[in-house]
Every structure is written in structure tokens, then in C-alpha cells.
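S.K.: Just so you know, the sequences run in chain order A and B.
The first sequence lines up with residues 1 to 393 when you count with this note's numbering.
The second sequence lines up with residues 1 to 340 when you count with this note's numbering.
Hints were generated in silico from the structure; no laboratory data involved.
Treat the hints with care, since some could be wrong.
Said to hold, decoys possible - In silico lysine-lysine, BS3-like type, Cα no more than 25 Å apart, as pairs:
1. B:Lys-138 <-> B:Lys-209
2. B:Lys-209 <-> B:Lys-315
3. B:Lys-266 <-> A:Lys-252
4. B:Lys-31 <-> B:Lys-77
5. A:Lys-252 <-> B:Lys-133
6. B:Lys-224 <-> B:Lys-315
7. B:Lys-315 <-> B:Lys-266
8. A:Lys-14 <-> A:Lys-154
9. A:Lys-252 <-> A:Lys-72
10. B:Lys-224 <-> B:Lys-209
11. A:Lys-154 <-> B:Lys-209
12. A:Lys-154 <-> B:Lys-133
13. B:Lys-300 <-> A:Lys-154
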Amino acid sequence: MTERTRVPLHRDPKFRALIIQVLALGLVVYGFYSLFQTTVDNLVARGIQTGTSFFDEVAPFQIGFSPFFDYKLGESTYIDVFFVGIQNTILVAVLGIVAATILGFFIGVIRLSPNWLISRGALAYIEIFRNVPLLLQIMFWNFAIFLPSLPAPKNSIELGAFYLNARGFHTPLPVIENSTGFGIWIALLAILCLGLVVFAKRAKARFEETGQQLPVGLISLATIVGGGYILYLIAGSPLIFDEPVLGRFNFKGGGQLPLPLFSLWFALTLYTAAFIAENVRAGIQSVSHGQNEAAHALGLSRKDTVRLVTIPQALRVIIPPTISQYLNLTKNSSLAVAVGYEELVAVWAGITLNQTGQALVIIGMTVAVYECLSLFTSFVLNWYNKRIQLTER
Amino acid sequence: MKLSAKIATTLAASAVAVAQVASAGTLDDVKARGELKCGVSGGVPGFSAPDDAGRMQGIDAAVCDAIAAAVLGDASKVTFIPLTAKERFTALASGEVDVLSRNTTHTLTREASLGLNFTYYNYIDGQGFMVMKDSGIKSTLELDGASICVQAGTTTELNMADYFRNNNMSFTPVGYETSTQTREGFEGGACDVLTSDKSQLAALSTEMKVGPEGVTILPETISKEPLGPVVRQGDDQWMDIVAMTLYALINAEELGITSSNIDSLKANPGNPNIARLVGTEGNMGELLGLGADWSYNAIKQVGNYGEIYERTVAKIGIPRAGSVNDLWTRGGILYAPPIR
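Extracted from the complex, chain B is given alone in its bound form:
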């Protein structure tokens, strides 16, 4: 009897504790902790995958590095938490991570019903299909009746269903938990086709035994997949910080600020736009609740968007020039609001 009363008290107390966690500001939490908790996929080369030293590398991981640099002044103060597609939103909503940077597609349902806010996009993708080269398949319209490996619970699964329905074709899904498993299933012959965002297909093909030469990524792109960092709803300051950090990286590239020339530009900015971004003019950091060198730290320690792209996504064989992920000034659609 005593025990059950104890349990009841504990339960009631934990319920109160849950209520308190919800109201605290994420920025204060991160500062107090001295560390940013970042949800990533952890298994997609180019986006987030551990390198030889065990450090998470990729364009998604770099976003978190930049946020940590902006908020804490040190890009290495990030704890990466690998999440499956299924876990990611719950992990964010429950406060297990401060920001979710896990190639997550921005959709209305997610924005409106999950208590999340999408900020901006660090990679704009589209869904495609990959087959073994020796199958001789040249177009997705030849895929009627195929078995298709897919990561369960993603927008990919929905786009595929829509696409096949639209084209009056049938298919059998083979749904796995992680993208690594989809690759293993595809390699082992559990399915004829592997579907995912095209960047992921390229990344996964580099890990296959037959290599990128042994497979064909079919030309059709069947969906829009704007991927970017996500935060909890109801903490506008934190949302601004995440979005503005990403904008700062893009603006830095547009203004020609790189991690190597930022120090000389800081000493002698010339252009007032550059001066604001390196923190010698205006009070941009203060407005966000951060130090004046927030964007300086991010660019200095992580690099501008172009530098990040070159050392991450470009490495898995996806060239940037002229693609949607190029700057708006060079024919892409990457367009960040001015930092002023």
C-alpha cells in the first residue's frame, strides 16, 4: 500500500516535471548545458555519417556545428543523436534534441499537426529510383510490378504510392527501418528497385559492393523534397537563431566570405553587408540573443554554405553548379534574406 502511494506521488511529480520542461527556452537550455543536442540520421554519407575519427560529418551535421558555433562559440560542442525516421519527431517534440537536422522534408501535415516548425532548407532534393545496371531498365515507367525497397514511414513511401497510382502501375513495398537496411535489402535482392531522395541514392550507391558504376539512378524525379532543420513550435527565438544561422552561411557564400578570408575581411570589411555578417557593424547577434560574433564563429569554424557543400555532398558525387542547390545568383534557388 505504501508502495502504491509512493508510485502515485512519483507519477504526479513527474507529470508536473513534464509540464515545466515544456515552458523553458531552448536557447537558455543550450547555454546552460554548454552543448547542443542535434538529431541526425547518422547513416547517410554526405548528410550525416561518422568519419574515421567518429566525428559526425555531412551537410546536416554541419548545420548543427554552425548553430553550436553561433550560440556557444565552439562548433565542436554538439552531441549528435542518430534517429530513425520514426523516432525523429517524437525526439524533437519531447526535448530529446534541440534541433532536428536529419534530411527531413517540409510538408504541410508535419508543419501543422506535429507541433514543429521548419526553418529553411539546407538541401533541396527530389525522389528518384535506383536499379541494378544489368536489369536494363531505363525509366520509372517500366517498373510495373516491381518490389521496391523503401525506408518505412517517410514521405518517400507516400510519393511512391502516389506515383504508381497515378500511372496505373502496381508495386510491392519492402519497408525497412533505416536507409542502411534498404541498401542491404536491395543488394541482397529483396527488391528490384531502391527508392529514396536522389542525394541519398547517390550516397548509398557509394557504399554498395558493385559501386556507383553497377547501378542506374533513373532520370525521373517524382517529388519535391526540401530538406532542412526543424525546431519545436512555440520557441520563436530559437527558431530565429536556427534559421538565421543557416541564412548567414548562405549569405556568406554570396558575399564571398569564407572560413579562410573571414579574418582579413573582419579587419577590413569595406562592404557594410560584410561588416554586419562578420559582426563589426550593427547589433545582429544581440537582436537574436547571441554574442556579436555569432555569425563570425559559424563561418570561421564551419565555413560558408559552398564550402560545406564541397566537402560533404559533392564528395558523394552530386555536383552543385547550376543545380537547384546553387545560389540564386548562379541559377539555383538558394536565396537567403539579408542579414541587416
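Isolated chain A (complex conformation):
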């Protein structure tokens, strides 16, 4: 046994590293603190009032689009405006992420098509939409394409009970007429779903035992749609449809997808899909060709090869860069103000900021919201990513 020589404290690298880190951290904290303090002092010196007391004041302006919150002019407060803004940001982000994923996946796959025309078409799409600034695209679709080409409300394009005009897309909206009947319908649907789960388990057990496969997905879909409709009739048709009716200026009633939301959604989708398509292409190309050959040798069909061999391996490469595209899409939605969509930056960091002048508080809260949304998105996708990663044994 050799005795450990005692190193004097000031020579202990661990201890020194700790001290330096603490000092550096202290300096950074002090830097931020003095920045904050100077700002507050300057605000006070210039007579600019700051604080959160304006939250409960009644907001003196109207908000046109708030699908889930009830915004009422003269009653809703500034903090309601904040939540309406978050709601509209999340709405366009979710819509955009879903659509961009589907479109991006599709473009990414056809980019690898052996057909020259199709793969070059996909390439052209990617290069055009990836390289034109997003703000320009948003304004282009809204001001140069949709607004001039869509008719005024009086001459709306009719598609059954759906109407399309320069104000947006108007749809009938289901409204619960008979709540008991609606409850019964939901209960029956739940039983149906339970039945399908049992059926899927049985089918899987059978597959493992005999190797015989049933088209479970197709059967389930057909049962849900067909059975759901029959059950709806059994429950006594508990819904009525609130149809949009042309008023003096525009359609009233029903649901509405306003044109600014549509333009923004459209532009965000096309733009982000171009990036996702490249991720998808990279992911698919990263799976070595030998994997496909092995799958064929095992007798897997082309469809099963893609589903069971290529995609699961490609996803490991696709997911991480796609997470950042989702985050970008969410943050890019703040360009909405150019077309008049009422999301967080427009109504909170825009209108509210200008009407109250509370720049510090408002910008701070806006930053916090985007930070939270981004962290939440990464958290969910990182969890998913971990699940599909290769489990090494």
C-alpha cells in the first residue's frame, strides 16, 4: 500500500477548476444583474412605467379570430389577449407541423424515385422553396395569389355547404343538439373501439401462431366509419350542423378558416416541407442497400420491406434534424403579422405592446412562451426519438 501524497489545496486541479467556474458564473450573473438594474434605473429616470398591473385592464381593441377562447370586446383583459395569442400560435404551429410532415415525407420519397421527371420535379420544389425567404413567400401567397384570385363573399365559390372566398374558408360546424343522445353515441363508440382493440390482439396472436395476416388497419377503419355512422343513427342523430349563411358583408355562423391563417399555414407548410423532404431523403439513403437485399432474401414483400426494414432505420436519421424544423416552423409563425393573422407576436408583442408601452414585460413573456413551446416540442420528440433508436444488445 502506497500512501497518497497530499496535494496542497491551491494546486489541486479539481479545486482550482471549481473556484474558477464559480467566479465565472458569479461574473455572468453579476453582468446580467447590472444590465437588468441599469435598464430599470433608466426606465425610471425617463419616466417610463413598467410592471404587470396592466394584465387585468380591459383590452380596448377587438380580436377577430379566436376559435377556442371567447374574446369579447369590452370584457376581455390584456392577459386574455396573451392567451388568445398563444392559442393562435399553437394552432398554426400544429396545423403546419402536421401538413409539413406529410408533404415533406411525400416529397422526400419521390425525390428518390427512379423516374427522372418526378425526382427532378421534387428537386426543383425543394430548391425553390428552401431558398426563397419565408416572409416573401407568405406575402406572395397572400397578396399576390390568394387575395386577387379569390372572389368577394357575394360571389363565393360553393362546394356543397362549404364556401371559399377572399375572407377564408367557411364550413358547417357540428353542434350538439341532444346531449343525452350524444353521450350514448360516444359510449357506443367507446365500446366499438374496445372491441377493435380485442380484435387486433387476437389477429396478432393468430399471426404469431399461424403466420396468417389480416388487414387489421383496413378492417378497423371501415368499422369505425361505417359502424360509427350506424351508431350515430341509433343514438338518434344527436348533432346538427350550423351552416354558414351569407350576411350583409360575409358569412355568419359555422366554422371559419380565415384567409390569413390559411396563407400562413400554406406558406409555412411548403417552406418547412422542403427541409423535411431533404431529411427524409438523407434518412432513406442512410439505410444500406444490403438491408433491402436481406429483406428480399427473407421473402418480405416490397411493402413490408419499406414498412419493417427501411423506414424504422431511416427514422433514426430523420427525426433529430426534423425536430429543429418543427421548432423553426413554430418560431416562423411569428411572421404572421405581415398577413394579419392574430398570433402571439401580432396581438401581444405588437398591439398590446404598442397600446401599453410595456416593452420589457411583454417581450420577456413572449420570449418565455416560445422557449416553452420549443422545449416542449423537443421534449416530446426526443422521447420518441429515444424509443425508436437502435437498442444495442
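Knowing the structure of chain A, use the given hints to seat chain B on it.
M.R.: Chain B only, in chain A's frame:
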């Protein structure tokens, strides 16, 4: 570690720098720079919009020209900085501009809570509504349920909300960032109505494809919009200079001094009021911290208020005679304190 320490030092240093900027006098800054930084809208004909040569023209821009002439002796020494409605107050408070001359309405909230001072008014406006002529609408009271294009974050938006609430009418706002976008939205059919100050409506209608004949500006005026240059709070000398320059332009018109006759009047003023304004009598400039020819330069190079109005706002089709923007001696409410 070294880097983060560096960042901390930089941050601390910049914080100190911010504190120092706040205390300097605007007049000294402008003189030292040899140039006036003026915040304008930059897209409203008649108020501030670039001409063919790229020079900012309009009644708001002219105020800045006059200030530059008074302070620096040269009306061309102005850098115009176009600002959106949202950016304007922050730009002024942070020192990005020396004066904000951007059709900005004077209200209590702005005066009291934003660290700003309003000086006087270079244009007195009121909010109105514009519709397409073929809609057949004759009054704002017929607008229940309409979609209305508006510039987001303005007093316009608030007046409109108040007006519709007062009259128990509903509306859907379509808020854009700039007044150009509100016009594009209105032309494209994103809304039924465009609302803004009436002068802006007139200005925007000249830029529309259908032209001013294709639209109707509804007769109702729903608000008071006194527009004028704004300065930072806490620099009284600078505030006086901006206000007095504007007063000088108005007084010049009242006394019949124009850019063309000012030289002969300077040689032979006669009236002591004129003598004080052209700088041959009294020490008006010195009291403000400027040269004796401050008002002479402003009037000579930019013209009196009437001349400015005729070449800017009158051009977009808003006649002045008998309106609120006429002199108090002619039935308007433009009334400037005496320069003495």
C-alpha cells in the same frame, strides 16, 4: 471560462454605456453628428414618402427639414428613418431617432407612460372609414358585421373598437403592420372597409388601382387625432427647439413671411414681429441655444406652414381653406404662441 468572463465584462460595460447615452443632450448630439435623425412613417403620401429622387417628402418630413435648418443651418442634413407604428416609440426612447415626426396622435397614455413629450401639432386629423364605391354604403352606421382593415397597434384600432361598441355593432378587424399593407388588403378584398385618419385615407386612395373616384370616404369623423412631432422626455431644451421651430413656421405664415420674400423682409422688416422672426431683432435663437438665423434658415429653406401644406397635403386632395388646419385668423385652429 475565459470567454464567459469576457462576455460578463462586455455586458457590464454595455450597461454602463447605456446609462451614459441617456444623459447627453440631444442638441449637442445632433450638432456633433452634423445630422438630424428623424423617425417618419415613410409610406404615407403627403406626410412622408420618398419622391422620384428618393428624397423624403411630406408635411412630417418637412418638420424635420425645418428642425435641421434651424439647428444645423441646412435642411438637407436629415437622415429619415422609416418606422412602423409598433417600432416608433421604442426607437425614440432608445435614441435611435432624435425626433419622431410620424403622424403620431397625442394621447394621455402616450404622454404620461412612455417617457415622451409631444410638442405641437403639424396636422390635425380625425379618423374615418373608406369603402369601395360600388358597395353603396353611405354611413358608418351601416357597417355592422363588416371586416375592417386597420394598421395594428394604432389609436385608430382603439377608436374603431370604441365606436362599434358604442353603437352596438360588431366587426372583424384585419390588422396589418403597415398602411401600405392595409391598402393592399383592402384592394384585394380581405376586408370591406379601410379605416385610418382621414388624411391617410385620401393619401391611400390615390395609390389604389380604382383611384380616388372608385372609393367613398364616409362622412363621419369618429375621433380627434392631433398629430405632431414627439421628443424624448427629460430634454427640455430640445423639446423647446422642436416646438419653437414648428411655431416659427406657423407664425411666419401668419405674418406673411414666405421662403421667397424672406430675404427682402430681412433687409427691411418694418414690423418688429417680422424682425424677430427673421433674426434681425432680439436674441430668440440664442435663448434656444441656436444661432440668430435659426428661424430664417427654417423658413427660407423649407417655407412657412402654408407653403409646406400646399406642396404636401394639398397634393393628395385635402383642401385647407376653412378646415381645422387653417390659421386661427382664417377660421382654423392653428394657433402658435408669439416668437418674442
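S.K.: Decide, hint by hint, whether the structure agrees.
M.R.: To see whether the hints hold, each was checked on the structure:
{"no.": "1", "hint": "B:Lys-138 <-> B:Lys-209", "in the structure": "holds (21 Å)"}
{"no.": "2", "hint": "B:Lys-209 <-> B:Lys-315", "in the structure": "holds (18 Å)"}
{"no.": "3", "hint": "B:Lys-266 <-> A:Lys-252", "in the structure": "violated (68 Å)"}
{"no.": "4", "hint": "B:Lys-31 <-> B:Lys-77", "in the structure": "holds (11 Å)"}
{"no.": "5", "hint": "A:Lys-252 <-> B:Lys-133", "in the structure": "holds (24 Å)"}
{"no.": "6", "hint": "B:Lys-224 <-> B:Lys-315", "in the structure": "holds (23 Å)"}
{"no.": "7", "hint": "B:Lys-315 <-> B:Lys-266", "in the structure": "violated (30 Å)"}
{"no.": "8", "hint": "A:Lys-14 <-> A:Lys-154", "in the structure": "violated (77 Å)"}
{"no.": "9", "hint": "A:Lys-252 <-> A:Lys-72", "in the structure": "holds (17 Å)"}
{"no.": "10", "hint": "B:Lys-224 <-> B:Lys-209", "in the structure": "violated (29 Å)"}
{"no.": "11", "hint": "A:Lys-154 <-> B:Lys-209", "in the structure": "holds (21 Å)"}
{"no.": "12", "hint": "A:Lys-154 <-> B:Lys-133", "in the structure": "holds (16 Å)"}
{"no.": "13", "hint": "B:Lys-300 <-> A:Lys-154", "in the structure": "violated (56 Å)"}
Consistency with the previously given hints fails for numbers 3, 7, 8, 10 and 13, ordered from lowest to highest.
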